[in-house]
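K.L.:
Chain residues, written in single-letter form:
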Amino acid sequence: MQALALPALLERVTDAIDPDRELAERFRSGERGAFDVLVRRHQKGVWRMVRRYVKHDADAADVTQQVFVRAFKGLATFRGAASVRSWLYRIAINCALTWIRDHRREQPAEIDEDSLTQMPIAPANIASDQDGARLREAIAQLPPKQKLVLELRVFDDLSFKEVAELADCTENTAKVNFHYAVKKLREILRGSHAG
Amino acid sequence: MQDDLDGEDRALIQQLRELPPEGNEPDWQALEAAIRAEVGDDAPRPWWRNWRWIVPVWALATTAAVALIVLHHHPEPSRTVLRDPPVAAPPAPPAHAMWLDGEALDLDDIDEPALDTLDGDARAALDPDDDVTGGLLPILDYAWIDSLDESAIDRAETWLQRKRS
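Chains as they are written, first to last, in our numbering: chain L, 284 to 478; chain P, 478 to 642.
Just so you know, these hints were derived from the structure itself, not from any lab.
Misleading hints may appear alongside valid ones.
Quick partial rundown of chain P residues pointing at chain L, CB under 10 angstroms, derived from the structure [said to hold, decoys possible]:
id, residue
1, I512
2, P521
3, E627
If you anchor each label on the Cβ, the simulated ranges turn out as follows [claimed, not checked]:
id, chain 1, residue 1, chain 2, residue 2, range
4, L, H386, P, D481, 36 to 44 angstroms
5, P, T539, L, A364, 29 to 37 angstroms
6, L, V459, P, D518, 41 to 49 angstroms
7, L, R362, P, D481, 17 to 25 angstroms
8, L, A423, P, W535, 20 to 28 angstroms
9, P, D483, L, K356, 41 to 49 angstroms
10, L, E305, P, A507, 23 to 31 angstroms
11, P, W528, L, E305, 20 to 28 angstroms
12, L, R387, P, W535, 48 to 56 angstroms
13, P, D518, L, R473, 49 to 57 angstroms
14, L, P426, P, R494, 17 to 25 angstroms
15, L, D440, P, T539, 51 to 59 angstroms
16, L, R353, P, W528, 39 to 47 angstroms
17, P, W528, L, A364, 17 to 25 angstroms
Using N, Cα and C, we set each Cβ at its ideal position, and we do this for glycine too.
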């Protein structure tokens, strides 16, 4: 019983002590260097999240830059209701969606040009790459909310509290969505195997 | 709810976690430099931080103003409206008896026809057409005064002075 409760307790403590909050505070009091630390800490996560929406690496880098420019302007008035990371990821989702809306016609439909030119597939990795592609296809078939919750939880390693903040729902709803997303994903994968 | 996941679910989640990230990661240092170049070297401050001094200054000014008002305010003595005591109407002058032919007459005792007769006489006496002066002084025409010589005027003035005294 205690063993089950401990991870949840640890997660709560980690959430309560936001390691970025102190940096945000220092930045607000005029320390410009604190922002560079935040960039170094989160640019990878932000880029990966943006890259799931924007299908070119260079575009993802541009959007990531835009995310941090926006964060720089907004951090002075950041109230700290959410964690700095989930606040940054919220900006990232908004920027990515805006980018998709503005470049709707330029988005590749099926084949990612970058993956063709920059990621030569070694013969030994063909099977695992096929598995990866199959998994990504299955994720793409999930309902939007379940997809978002699953990706935030699995790929971005966010806590359910942070997932809930980003998905605009309660923590419990986020957990329910995650549960159904995993079950649905298995169904899809079973169907694709059978097919 | 997450605890309801079985072994296969957990294995699937693990498989998802091990997926390589999509795309090729950029040069992080170059990205950081680009962000730094874009945002500049000065941390923006919220607008109210530039106006933080206004609250203590305002509080100080208000306190000073209130203190000044309180210290310089001399309460005026309560104004009592002084009203003049009601002035009694002056006593009516004693009624003078009307004298007629050397006898005092009480007007109330005189019957009305007699008063009418008296009024008629008075009106007749004041009628400008009548010569009440007995022909000595013409009333309407004072041009005769111009024809008086110096000695006549001196005599008239002497008479008037004597009359006044």
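K.L.:
Compare the structure with each hint and give your call.
P.N.:
Taking the hints in turn, this is what the structure says about them:
1. The interface hint given for I512/P is met, as the beta carbon of that residue sits about 5 angstroms from the closest beta carbon of chain L, less than 10 angstroms.
2. Look at P521/P: its Cβ gets to within about 5 angstroms of chain L, closer than 10 angstroms, so that hint holds up.
3. The interface hint given for E627/P is broken, as the beta carbon of that residue sits about 114 angstroms from the closest beta carbon of chain L, more than 10 angstroms.
4. At about 40 angstroms, the CB distance of H386/L to D481/P agrees with the hint of 36 to 44 angstroms.
5. Under the hint 29 to 37 angstroms, the C-beta atoms of T539/P and A364/L, about 33 angstroms apart, fit the expected range.
6. Between V459/L and D518/P the C-beta distance comes to about 46 angstroms, which sits within the given range of 41 to 49 angstroms.
7. For the pair R362/L and D481/P, the beta carbons lie near 35 angstroms from each other, so the given range of 17 to 25 angstroms is not met.
8. Hint check: A423/L to W535/P, Cβ distance near 58 angstroms, so the stated range 20 to 28 angstroms is violated.
9. Between D483/P and K356/L the beta carbons are some 46 angstroms apart, a value that agrees with the proposed interval 41 to 49 angstroms.
10. For E305/L and A507/P, the Cβ-Cβ distance of about 27 angstroms falls inside the hinted range of 23 to 31 angstroms, so the restraint holds.
11. Range check, W528/P to E305/L: about 26 angstroms between beta-carbon atoms, so the 20 to 28 angstroms window is met.
12. Checked against the hint of 48 to 56 angstroms, the C-beta distance between R387/L and W535/P comes to roughly 52 angstroms, which is consistent with it.
13. Taking 49 to 57 angstroms as the suggested C-beta distance range, the pair D518/P and R473/L conforms, at roughly 56 angstroms.
14. Taken as a hint, the range 17 to 25 angstroms holds for the pair P426/L and R494/P, whose Cβ atoms sit roughly 21 angstroms apart.
15. Checked against the hint of 51 to 59 angstroms, the C-beta distance between D440/L and T539/P comes to roughly 53 angstroms, which is consistent with it.
16. In this structure the supplied range 39 to 47 angstroms is violated for R353/L paired with W528/P, their Cβ-Cβ distance being about 24 angstroms.
17. At about 24 angstroms, the beta-carbon gap between W528/P and A364/L stays in the expected band of 17 to 25 angstroms.
In summary, the numbered hints that this structure violates are 3, 7, 8, 16.
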